[in-house]
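Undergrad: The residues making up each chain are set out below.
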Amino acid sequence: MRRVDGPSLVTGLVLIGLGGLFLLDRLEALDLRFGYLWPALLAGLGAILLASGLRRERP
Amino acid sequence: MSQHEPEQSQPTAPRKFLRSRDDRVLGGVAGGLGKYFGVDPVFFRIGLAALAVLGGVGVFLYLAALVFVPAEDGTGAEPPRRSRVLTVVAAIALVLLGGALLADGGWGFGFFFGPLGFVLVLGAAVWWLVWGRSGGGERNARGTLTRIALVLLVLAVSAALFVGAFWTAAAGGGVAVALLVIAIGALFALAAFRRNVRWLIVPALAITAGLGLVAAADVNLDGGYGKRVYVPASLADVREGYDLGAGRLEVDLRGVDFTPGERELDLEVGFGEAVLVVPNDLCVVARADVGAGYLRILGWDNGGFNVGWDARDRGREGARLVVDAHVGMGALQVVHDPRDAEWHEDRPSGRGRWEDIGEDDDPALGRSAACEAQTG
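Going down the list, the protein sequences come from chains A and B. Numbering-wise (the numbering used here), the first sequence opens with residue 11 and increments by one. Numbering-wise (the numbering used here), the second sequence opens with residue 88 and increments by one.
The reader is advised that the hints may include incorrect statements.
As the list claims (entries may be wrong) - Coverage of chain B stretches by chain A, computed from C-beta distances (three or more under 8 Å per stretch; other residues unrestricted):
#1 263-269
#2 274-284
#3 289-300
As the list claims (entries may be wrong) - Counterexamples of contact, computed for chain B against chain A with all Cβ distances above 12 Å:
#4 A151
#5 Y329
#6 V364
Calculated from the structure, these hints are not laboratory results. Cβ atoms here follow ideal geometry from the backbone N, Cα and C, with glycine treated the same way.
My request is simple: use the sequences and hints to build the entire structure.
TA: Rendered as structure tokens:
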């Protein structure tokens, strides 16, 4: 069995989170603004980049 | 090819900042920094990427490091000196680039360097995500060209997906696109256990970003496309609201004789420009917001993301127009004279702008002078 690919897994989780956030906005359950969007996107990108970088540490 | 003995194993060898040969995505700058400081280079990559996107300084610093920091040759030997002429020419070019960046406050300068830098950063991200770890392998010119072509293809597809997601969400399909993003996320999470799908990360994020832009700016494309000009001649001709999906909407109320009492007017443009021209002697109370762009309300203006003004109702007698206006992305202007809403091309950098007017602490913000006369 192949080892799990960290960046792909984290990307999946980030997309599910962001998609859920945008779904709530479109359903008018919350009012998303740029002030919240940029940090959310940067945090997601950071998580993906970290996952890409950390994988290298494994033997 | 070096005549020197390997020195890496010697503990007394001085620590030097060299561009890494083995741990490189582009030029090995972050890899070299990581080795020099003894931390994971990913932190420097994130920092440089963030600085590149936020103002372009990261690209400037990276180019400077490429020019001035020598690359290690794998033996630990002292790297050969660069040509002095090349160094001087590159230094002058970097000074010019840095000056342009400083003069214009970031990526705004020209319409070339901004998008170019953005494409370079995104391309580097794709490259790193897909081949970052196998970067130490043998490379030849043909392989590199193939990879560059693949990266450009991924970027082109991503751009198309971004635009497609934006328009679909703005045209009312936001819920569907959001569900699609969640489904793609679930597929990614599942695929991660079976195969490497990293080359799909940027296209997936492009769809997400297109949807995110619509969600944050509240872009609504209902109401059609194009240029609409309304010049009602009487109060009976004034609609309750004017909608436009994308384009320019102009409503000129100067010919309307408003009777005493309150009248409400809704104005909405999804993507583009809305201009409302109101008579001088009418009390206008504006509540307005722009998701991303420029907002000018009767002697006050602002620009950026989610800019808005919610004027306090001050008029007591006489005719009053309460404007409720929203532009998703673009410009919203409420003026007395349509010439005030024109684009000015007088900035030294060549980029146009609207007139900069008004003070934020003006107590009459968002209301026309006629309202003050009513309260007085």
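Undergrad: Work down the list of hints and note, for each, if the structure agrees.
TA: Evaluation of the provided hints:
1. A count of 6 residues in the region 263-269 of chain B with a Cβ less than 8 Å from any Cβ of chain A is obtained; the coverage claim is therefore met, three being the minimum.
2. By the rule of at least three residues with a Cβ nearer than 8 Å to a Cβ of chain A, the coverage given for the region 274-284 of chain B holds, with 11 such residues.
3. For the region 289-300 of chain B, the proposed coverage by chain A is satisfied: 6 residues have a C-beta within less than 8 Å of a C-beta in that chain, meeting the threshold of three.
4. Chain A leaves A151 of chain B outside its interface by the beta-carbon criterion, the shortest separation being 22 Å against a cut-off of 12 Å.
5. Every Cβ of chain A is farther than 12 Å from the Cβ of Y329 of chain B; the closest lies at roughly 22 Å, confirming the non-interface assignment.
6. Every Cβ of chain A is farther than 12 Å from the Cβ of V364 of chain B; the closest lies at roughly 29 Å, confirming the non-interface assignment.
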